[in-house]
Structures are given as C-alpha cells and as structure tokens.
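Those sequence lines, one after another, are chains A and B. Reminder that position 494 of the first sequence reads as 494 in the working numbering, one-by-one numbering, no gaps. Reminder that position 261 of the second sequence reads as 261 in the working numbering, one-by-one numbering, no gaps.
Everything labelled a hint here was simulated from the structure, so no lab data went into it. Don't take each hint at face value.
What the hints assert, rightly or not - Partial pick of chain A residues on the chain B-facing surface, computed with a CB cut under 7 Å:
| id | residue |
| --- | --- |
| 1 | M140 |
| 2 | G143 |
| 3 | P268 |
| 4 | F335 |
| 5 | E675 |
Virtual Cβ for every residue (Gly too), placed ideally from N, Cα, C.
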Amino acid sequence: MPDLLLELFSEEIPARMQGKAADDLRRMVTDKLVAEGLVYEGAKAFATPRRLALTVHGIPARQPDLKTERRGPKIGAPDAAVQGFLKATGLKSLDEAKIQRDPKGDFYIGLIEKPGRDAIDVLAEILPVIIRTFPWPKSMRWGARSGKPGSLNWVRPLHAITATFGLETEEPDVVKFSVDGIEAGQTTYGHRFLAPAAISVRRFEDYEAKLLDAKVVLDPERRKDAILTDAKQLAFAQGFELVEDQNLLDEVAGLVEWPVVLMGSFEPEFLATPAEVIRATIRNNQKCFVVRDPKTGKLANKFILVANIEATDGGATIIAGNERVIRARLSDAKFFYETDLKTKLEERLPKFEQIVFHEKLGTQAERIKRIESLAAEIAPLVGADIAKTKRAAHLAKADLLTEVVGEFPEVQGLMGKYYALAQGEDASVAAASEEHYKPQGPADRVPTDPVSVAVALADKLDTLVGFWAIDEKPTGSKDPYALRRAALGVIRLIAENALRLSLMKVAASALVGLSMKPADVQKLPGDLLAFFADRLKVQLREQGARHDLVDAVFALGGQDDLLMIVRRVEALGKFLDTDDGKNLLAGTKRASNILSIEEKKDKRTFDGAPDAALYSLAEEKALAKAIGEVKAEAGAAVAKEDFAAAMSAMAKLRSPVDAFFDKVRVNDDDAKVRENRLKLLNEIRSATRAVADFSKIQD
Amino acid sequence: MDASLPAHMRPERSFQGFILALQRFWAEQGCVILQPYDMEMGAGTFHPATTLRALGPKPWNAAYVQPSRRPKDGRYGENPNRMQHYYQFQVIMKPSPPNLQDLYLKSLAAIGIDSAVHDIRFVEDDWESPTLGAWGLGWECWCDGMEVSQFTYFQQVAGFECAPVAGELTYGLERLAMYVQGVDRVYDLNFNGREGDAKVTYGDVFLQAEQEYSRHNFEHADTAMLFEQFKMAEAACRKYLDAGWREGGNKKQHLMALPAYDQCIKASHVFNLLDARGVISVTERQSYILRVRELAKACGEAWIHTEAGGAA
C-alpha cells in the first residue's frame, strides 16, 4: 500500500514548540485519514528547527465504496414526498427503489452507492485544511499576502511544502494542493549553512537519507543521542564528567539540525562563585552544559556547547566567541554575588514594605511579619528553638531582593542560605532560607530540621489561610497560587516528621495576623480542613491506598490532627484487609441499613442504652456484653493513640454480631423487644465509631 | 566585505566603517537610508519611520542608525558594555520580503561575520512593546552564543494589525563592533579606524557623556519639571490630534499625525527619566505606560488616515 511523505519547511520554529507540533501533525493527519475510511499501518512525525515532517505508511490507495440504505415514503404516499425521496437518493424513478414489507405498511428503500475516492484526492483535500487550522501556541502572518484577509498563519514564515504519495516500487505522485500560494511539491532544502541547495525527494526513505547527506539529522531523538554521547565523550576525554540536564538537552536539540559538540573553558577564578550560580548562568543564558570533576563532584572550569555547523576552522572561532560571552556573563554573576555579600540580609528587608505580595493580602513585609509570628507559635509544637525560628523566618525571604536571585529566580532560597552563612548566622537559621520552600512537589525532599519545619509550615499555612480569606481558592484546573501544592506540603511535613498539631488552632492563629478578614471568619478553618482532607485523599489515592477511609475518619468530626488521621486511616486499612474487618464492616452496614429503614418507618431514632431486662436470647446478651467490653477496650486504646490495638478490640465484635444476625429477629412482634433490639443495633454503630464511621466506607 | 576599502574604513577596524558598511549593504537592497530622528527615544522602533510607517498598506523600506537613550542603564561609564546612550541600527521592510533571513545573513557577511566559521542561530524571542501597543514574533539572532540582533515580524503596532506585515531588524551596533574588533570594553572600540595619535576611541567620544548623563539621570534630573513635561506632552499630543482631523469628501483625514506623535515620543522619554530617578512607584508605573500607549494608539489611528498611512 502507498505511503505519504509530508514536510512543512519554514523559518526557525521555537525549540519548545517542536515536540508538540510533530505530535499534533501526526494526530491530525491520521485522525482525518481514519475518519475518511483510510486505515493506515503506521505513522511517525519529526521536527527540526526548520521543518515538521510526517510519514504515514500503508494507506489504502482508495477509500472503500460506501453503500447506505435510505428509508423512503410509504407506498402510495403523496407525490411531493416521493419527489423529495428521489431527489435525496438520486434515483431516477421509484422503479430503482426496493420495497420493504412492514406491518405498518410497505416502504420504499433507496440504495445509495457512494464510490470511494482515490486516497491522493482525499489527501489533497484534508492537508490544506490541517495546515490552515494547525494549533500553534502562537502564530503569525508575513510577507505581501499578509495585507489581504484570510492569509495563512504559521509559527514563522512557511516556505515550502513537500507532499508525495505512492508505492515503494513506483515513482510517487505529488499530492496536489496549495496553501496561500505555496504549491506542494517534492523540493526541500538542506542545512541553512552547510548544504543550502534544493533537494528533490521522492519518499520518506530517500528524504531522510538525502537530508542526512545535506547535514540535517531529521529525528530529534537521534540529535539528542548524538549530543549526549559526544558531550559525555568530550568531558571524559579531559577527565571530567558531564552534568546531565534533560531539559537543556531537549532544548538544544531543537536549536540545531547538525549538532557539533565543542568544549570551551573559563577562568578558574570564577569557580569561587557558588556552583549553582555558575550553572544557572551557563545554562539559562548560553544554553551550554557544565562539567564536573568525578572525584570531587565539583564543577570544572569547562563548558560544553552545541554548535549547528562544522566550521572550516574546526570550531576555534565558535569556541573563542562563546568563551568571551561566558566570561562576560560569569563576570556579571560574580559581580552580583560579591555585591550581594556586601549587604546584610536584614538590611534588605525595609524594601519589602514597597513590594505588594497580593493586592488584598498586603506587602511582602507584612507577610514576613505574619510568617514570623506564626512560625514562633508553631516552633514549640515541632521541637524548634523559638529564637532561632523567629530569626530564620525573619531572613528567609530576604534573598529575593538580591542581585543573583533577581537574575536567576531558580536559586532563590539557596542564595539566602549562602548569604546567611556568610554573615555568620546559625546553621539551622541559614538552612531554613532554602528549606522553608520545601517540599515543592511530591518528589521533593521534606525538611527535617525543626527550625526549617516550623518556617515551612508557617509559610504554607499563611499562604493557604490568606488566599482562603480573600476567596481565591483553586477551582478545577486553575490553581494560580499553587495552593494544592502548599496543602500537600503541609500534609507531608506533618506526616513525615510525625508532628502533632491542631490544624484548626494553627489556622485560627494564622488568621489573626491578616488585615483582611472574611465575613464568615468562623467558617474558614473548617473549610480549609475539608481542603486538607481532599488533598490527603488525592495523596493516598496516588499511593494506591483507599481514600474512602479518609472520609470515614473525617466523618467522626473534631478530627484536625493530621498525623492522627493518617495513623487511623492506616490502622483501619489494615484491619479491613482481615476477615474479621471485612465481616465486621458487613455486619455494621447491615445494622445501619436496618436502622435507617426502621428509623424512617417510625420517624424516630433509637438512641440510648438498651434495657438489659428485655434481652431474651443468649445471642442478644452476648452481643450486649461484647459491645460493652469492646467500647471500653477500644476507647482506652484510642486514648493511648494505639489504633492497631483499637482495631484488634473491634475484631472481637465480629462473632457476636454474626451470631446475633443469625439467630435474632430484630423486628419482634413485641414492640418493646423490637425497640430494644434496634437500640442494640445502634450500639454496634456507636461502638465502631470509636475508630471510624463505617457507613462512609465503600465495599 | 568589500576588499577595496582602505584599512581605516574596514568594519573590523573602525566603528564608523562598520556603520557605513551596514548602511551601504541595506542601500543596495533598496532601502532609503535615513538619518537619526532628532528626538530622544528608547529604541529605534520609536522612530516614526518604523512605528508609523509600519502601519498601512504602502510598501516601505528604510534603514537608519538611531541613538537610543535608556536612562536607567547608565553606569557612570564603569560597566564594560552597559550605557544609557548607545546606537541601534534599524532596518524595516514592508511587506517583509520572502528572503529577509538571507538578507540579514548577507548583511552579517558584509560586516565581517562569515557563516563558515561563526555559529549563527535564530533563537525564539517574541517581541512586545507595552508602551507602543505593539507585538511581533521573531528571534534573537545569536552569533557564537552572543545575541547580536533582534529579528521581528510586526503583527500589531499602536493597537492596529499590520497589513501587510513589516519585518524589522535591530542590530546592537556597539556589541557587534566589539565582537568584530575583538575588544572587551566598549570604550576601547576604535571609532575612526586610525592608529597612533590619529586614533579616536568610543571612550574619547562618549565616556564623559556617560558619566555626566548618569549623574543627571539618577541624581539631578529635575523631577518636578519632568512631571510637568509629561503632562504637557500628553496634553499637546491630544491637542494636535484633535486639531488634525478633517472631513475630506466622504473620507475622514488626518493632517497632523507626525507632530502629535513627536509628543508621544517625548512623553515616553520623560517617563523613562522619571523611572530612572526612582520617583514612580510600581503601581503608578503601569498607569504611566498605559497613558503613553493610549497616545501611541491615537497617533496610529491618525496616521492611517494620512496619505502615507494609505488613506489617500
């Protein structure tokens, strides 16, 4: 079956857009082919800075013929209906229609045959539409045609379209179409500098090979492999090790069609600047890799650049030019770093009074004050020294105003730590500058130093309470202030450090410092707690645990100690994995179901202690006794926060509950006995509430 | 490069020779070579030959040097490459020709940058000027890792769609010349290409000015006067715009777009000076930018009702 080759040759496509564009092209063309009844065998798309290319192989040469039946009017229907039917079906007269017998009367049936079209004609129709509607994140107009309405939009000026279709064994045909004056053909171009001449291509195999001859590596994965291999090799040859960087590799592979890896150096004096700053300078500004000494792990005074040409001087000019720029950049970075060191962190703080954190939440200075007092309040709860915690919170944000962080936002916090150490701050205080931002995501490390923990909690809780207070909660996919991440951070800080604190109380303290308070201020901590419950469920689900157990624990009410909630959920999960747990859950649910039916019937609840005098059967008495024991035992275990023991106590309920349902008829004819038995059922429910609300657990 | 040039005129030897080579190259491509606009402005884009001429259907090809004033970038002459006054070389071609990238690369060759040994790259850079209500897509052009030019296809200027689109090239002249001459400090650039006693450096011409203007921009510029000037320029711009509208036949025409636009340029520069003096707060800053943009938009509207804007 024939293959399609499509190439869209343009001016330089932004590196960050190439991957998605290749995917979109493949998806759009193949979806459209399938929709047209042309089921293909395989497809692959590629991108370079100057081209998007697609190969689809095994496309049928023709669409299948389509036969459809259309039901017409009844025999003997008025002429207007018959004429309408003939028109719609294209039949010349009713003689060409079939007749279908039906109990309601006989109908005419028109058979419409739609012959399939040649695939190349279908392609000529769909490709221009795809090009015109291509979903670039940003697109533009250009040239003389842009003066007229309806001109083509593309990511950058589009210069040529190659589109061929045909069998491997034959000379393929050009898919004939044009878009905004660009005729599809079979001419493309090689590397901008190394082989700019026109190339005539027939099909994918010779296309890819001819491009390679013309110094274009079509497949981005091949370019990445080549860059990585050469870069590692080059570093290794000099006794160094490449500092790998996937994002940088992806970007650099999108900037070259013919990668040539070269190594340059800079003055070793620059290595006195923190390694992260050197790396950020070289990576962000110059898109070059850094290398390190494999023995010490320290950066070396070398960098690796990826050029797009094989220079006639072997790359000497390119290396010298890049070295010049990197020297200038590093000398700026060094200057920034040294300038920063001249000012103490606290001297920067007054400037925060001019910087608005959020219009409704005041300035950064106000926010820092709030974090300071909240952190001081949390400190004793997490075993942190109060004075150190206050100092840490006081300085934690100061590096935002330094030159280095202004230049490279990704080293915020880290620079704070360096500057704090340089001015002789306590190690914990300095570490908190970096660590209070953590954890930044599910994979990030959770700080353990109590000072960092206190400031990290205060920072996140101030954010959460603040945005809750001004009603800027996350909705759907929108979470511009990363509040979900902050809540998850709080959960992980508490759970992984085994911290005991009442979220309601801490949230209430965080509210105290806010100048802007909502009307229903009392409701806020509770709302926020529900948000935490949601985040906890999401986290448990991601870990593969049963998130419905969170609901069962939260339903008990008054639960705002996250660590205890997590522990309860864990113990409950283990218990429900046992036979005792499963049966007790079934028994409790059965009791609940009976109760809710009877409660509805009688329009009353069956609270209160049952009357022991009304028990007539041994199973009743045994159950009542077991409930009494289990309540006491589980209650004592919960008081000791030993949830595993509480669950073991619960397990003792299983057999008396099973026996009760086996032998005892709840709805006894004697109303008093019935009432008493319902009260006993209610007791089962209340006994299990010592650990969770079993009715919220899904089977 | 033209081998017949005397040594002191060669682009790799002399800053002025460098500029002349660029002018000559773009003159060959049919551009009118203009002289700098006689007003202070932050970038060559502000020149009416770009901002206004980019609007409307009439073809327009021009190239010129524009002294650019960025009061905040002053460093008292102490930074090796940051200055409050520098030169941009600006090319505008409307409609953008299909071979604009090739022309650009040829212009680099004309100033001594050979693509056989230099790594030239087009790296994504979307351009936007909030004060001019303008945006476009294009690249930063890199030579061996150094940004040497901006390349933009204007999509909108003064709030109006560009139809047809103009291509704009901006060369940072000092930076390019430093690279070609192989000097690390802008003030060491050879300005006139002569050696010995006859040599004049960029520092001889501009160092004192950098020092004086830095003092002026950061310490002494009269802010009370500048606030007043901003208001006056804004009011004058509106006044000239109002006075310029004429009903001609069944078409509306404008007769004073250029003088009105001068006042917009003026307001923009005064704002930059006030900003450098640190007397404009963060929130006010935004509102000043918006005020200048409103002027630019109104001037653009006036321009498209003039002859060169395509109305006649």
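Each hint tested on the structure:
no.	hint	verdict
1	M140	4 Å, holds
2	G143	5 Å, holds
3	P268	19 Å, violated
4	F335	9 Å, violated
5	E675	71 Å, violated
The earlier numbered hints that this structure contradicts are 3, 4 and 5.
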